[in-house]
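Join the two chains into one complex using the hints; note that each chain is given alone, in its own frame.
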Amino acid sequence: MAATITTAMATTGLDSWLQQATRCLAKDSTAQVQSEIREHYELARESAMNGGASADEADRLAVAALGDAKTANRQYRNVLLTSREARMLRQGNWEAQAICSRSWIKWVLLIAAAAAVFSGNEFLLRGSIMLAWKLFAGGIVIGLLFAAPFLPVYTRLGGRVFRGVRWVAMLTMLGLAFGPDAPKWSWLLFSCLWMVARPEWTRASIRRKLPVAEWPRHLYL
Amino acid sequence: MNFKGTLPTLILETLAHETSHGYRIAQQIKERSEGILDFKEGTLYPALHKLENEGMVESYEGMEKGRPRRYYRITKSGRGALTRDRAEWRELSRAMTTILGEA
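So the sequences go chain by chain: A and B.
FYI, the numbering for the first sequence is 22 to 242, going by our numbering.
FYI, the numbering for the second sequence is 1304 to 1406, going by our numbering.
FYI, nobody ran anything at the bench for these hints, they're computed from the structure.
Take the hints with a grain of salt, since some may be wrong.
Sample of chain B residues at the chain A side, in silico, Cβ under 8 Å [what the hints assert, rightly or not]:
| id | residue |
| --- | --- |
| 1 | Tyr1326 |
| 2 | Thr1346 |
| 3 | Pro1349 |
| 4 | His1352 |
Restraint ranges, calculated between C-beta atoms of paired labels, are given here [as the list claims (entries may be wrong)]:
| id | chain 1 | residue 1 | chain 2 | residue 2 | range |
| --- | --- | --- | --- | --- | --- |
| 5 | A | Ala225 | B | Arg1376 | 23 to 31 Å |
| 6 | A | Leu178 | B | Thr1401 | 35 to 43 Å |
| 7 | B | Arg1387 | A | Asp49 | 27 to 35 Å |
| 8 | A | Ile150 | B | Asp1388 | 50 to 58 Å |
| 9 | A | Glu235 | B | Asp1388 | 38 to 46 Å |
| 10 | A | Thr223 | B | Thr1386 | 46 to 54 Å |
| 11 | A | Arg44 | B | Gly1338 | 28 to 36 Å |
| 12 | A | Met70 | B | Arg1376 | 27 to 35 Å |
Beta carbons are placed, not taken as given, at the ideal position from N, Cα and C, and that holds for glycine.
For reference, chain B alone in the conformation it holds in the complex (with noise of 0.2 Å):
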């Protein structure tokens, strides 16, 4: 299942447990969801650069298993904006359960 335009709200989500790189980023939000949120991880990068262009997220060389790798972290803007994703969210979900309910 892929819902279009929620990628950038489960990165910052995944990001704000924990400093990540792109693959695990990819892996915790299958996981989380219990595999039921499903999106092509080719997909993953373009909108980890616009949220690094926005200034959600910033990113670092590191080093893993000997290995160089990318991280990112959530910013300070970027939790404002998780926030808010948040609670729009719930206002979005408690409509549709109000309406899917009923029906």
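Next up, chain A with everything else stripped away, as it sits in the complex (with noise of 0.2 Å):
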């Protein structure tokens, strides 16, 4: 009876050091930690009886070699998907959802693409120069979003250098229309790069944990 209760308090502990280590961890992440772990500390437990341990201290002892459950939790967020990561796997690009889900904005926004370069021509024979360069970049912008199935991006090496035009066109975009304005609107600026930014971030955190080959498309984008 006491030994059943030791070990019962023992797997309490085992649990506890697995529910802080997989914290914030996605479904599968967590069941591959819990896997591995479990897998392990049977292993040390069962070394530490053959030892010579008392099944209690066999488990107390297999506990403590693992570390800081807090610690452990760190290095497991940096090579496993979280459960944010997971969701963003899961429901893909949001932008490009939001253009496909309307075949209609598609056209507006192809149409959009293409009436701001030719306007830019139109601007740049008239010499406003300025105006015409915003247009432009604009133009390639929204362009380069739809220029992309029809790219040789789905590479790892094309996907980086459709990712870094596309940042830059669209830094150039901000800077042109805000031109010297820039810092009063700084403010703005932050906040709409910030939405951009941070599933930007996401999106590269989930490409360094997951190998090439299980990438779907819109990662690459």
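This is the structure:
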């Protein structure tokens, strides 16, 4: 009876360790961690008992050998998908989804991109160089979103180049749009960029954690 | 004693000798260093996953004494990284011995 109680207490110790170590991890990642740590724990416990330790002493030693659960959690979150990343992976690229959900949005944006480039050309010919550049940059950014499926972006390098070009074009467009007034509008710029940069940061983290062979198409963009 | 950042190299070195599972890797590192190199075993698996993400090791399901185990083996790219790590370590070790040996 006493042995059963002590084993249950030690299992609770392992459960509590696992609970802390898997905090914020995705469901699949949590299952993986639980399976490998339980496997490790059982071997460590068996080895301690073979070495002459009592059941409860073996349980205590096996949990203690795992170390600090918070440290393990920090390290696991750097290499395994978190619940937020798994959600993003499931939902895909929200910008692409928003555009693809209604076919008329695609056409409006495509026409807007073409119109921006054409009018940019017109303004360039009339001598309004600044306005022409703004329109060119706007047209290129919108055009890039549409051109992606037709470009060789679905390789590691291709995707990296595409994302770099998109960021440069977007920042150029913002720089041109606000011009010397940019510092005055910095609060607005930062709020807009934050909305784009945060999911981009999460996608970068997913790219780091997933092998390239498992990348869905939207992860290249 | 725990040298920060050396665990991935120690794992690769262990796996260069034989395919192994997590617990055995941990024990072999401790045994081969005669107990000097100690680390918390909970940090072994994040390091193994990182190596796997980088293509240095690969894992597969196996059986041992009728129980399923996840085994890890070193890849060609892992062997390349290990050769580089060994060379770097020899350089560092030589430099440290030169400095500390004179102190």
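Worksheet item: At the C-beta level, are glutamate 235 of chain A and aspartate 1388 of chain B separated by a distance inside 38 to 46 Å?
Response: With Cβ atoms ~27 Å apart, the hint is violated.
Worksheet item: Okay, isoleucine 150 of chain A versus aspartate 1388 of chain B on CB: inside 50 to 58 Å?
Response: 55 Å, holds
Discussion item. I want to verify a distance hint. Is the separation of the beta carbons of methionine 70 of chain A and arginine 1376 of chain B within 27 to 35 Å?
Written reply: Once the Cβ atoms are compared, 29 Å apart, the range 27 to 35 Å for arginine 1376 of chain B and methionine 70 of chain A holds.
Worksheet entry | Given hint tyrosine 1326 of chain B near chain A, where the shortest CB pair must fall under 8 Å | Because about 4 Å separates tyrosine 1326 of chain B from the closest Cβ in chain A, which is inside the 8 Å limit, the hint holds.
Discussion item. Histidine 1352 of chain B was flagged as interface toward chain A. Is the shortest Cβ-Cβ separation under 8 Å?
Written reply: 4 Å, holds
Discussion item. Assuming the hint says 28 to 36 Å, is it satisfied by the Cβ distance from arginine 44 of chain A to glycine 1338 of chain B or not?
Written reply: 32 Å, holds
Worksheet item: Regarding alanine 225 of chain A and arginine 1376 of chain B, is the given constraint of 23 to 31 Å on their beta-carbon distance met?
Response: 29 Å, holds
Worksheet item: Are proline 1349 of chain B and chain A close enough, Cβ to Cβ, to be under 8 Å, as the hint says?
Response: Holds, because the Cβ-Cβ distance from proline 1349 of chain B to chain A comes to roughly 4 Å (cut-off 8 Å).
Practice prompt. Can you let me know if the beta-carbon spacing of threonine 223 of chain A and threonine 1386 of chain B is within 46 to 54 Å?
Written response: Violated: the Cβ-Cβ distance is about 35 Å, outside 46 to 54 Å.
Discussion item. Within 27 to 35 Å: is that where the Cβ-Cβ distance between arginine 1387 of chain B and aspartate 49 of chain A falls?
Written reply: Taking Cβ atoms as reference, arginine 1387 of chain B and aspartate 49 of chain A lie about 32 Å apart, which means the hint holds.
Worksheet item: Holds or violated: is the Cβ of threonine 1346 of chain B closer than 8 Å to a Cβ in chain A?
Response: Because about 6 Å separates threonine 1346 of chain B from the closest Cβ in chain A, which is inside the 8 Å limit, the hint holds.
Item to complete: Take the C-beta atom of leucine 178 of chain A and the C-beta atom of threonine 1401 of chain B, compute their distance, and say whether it sits inside 35 to 43 Å.
Response: 41 Å Cβ-Cβ, so the 35 to 43 Å window holds.
Checked against the numbered hints given earlier, this structure breaks hints 9 and 10; the rest are met.
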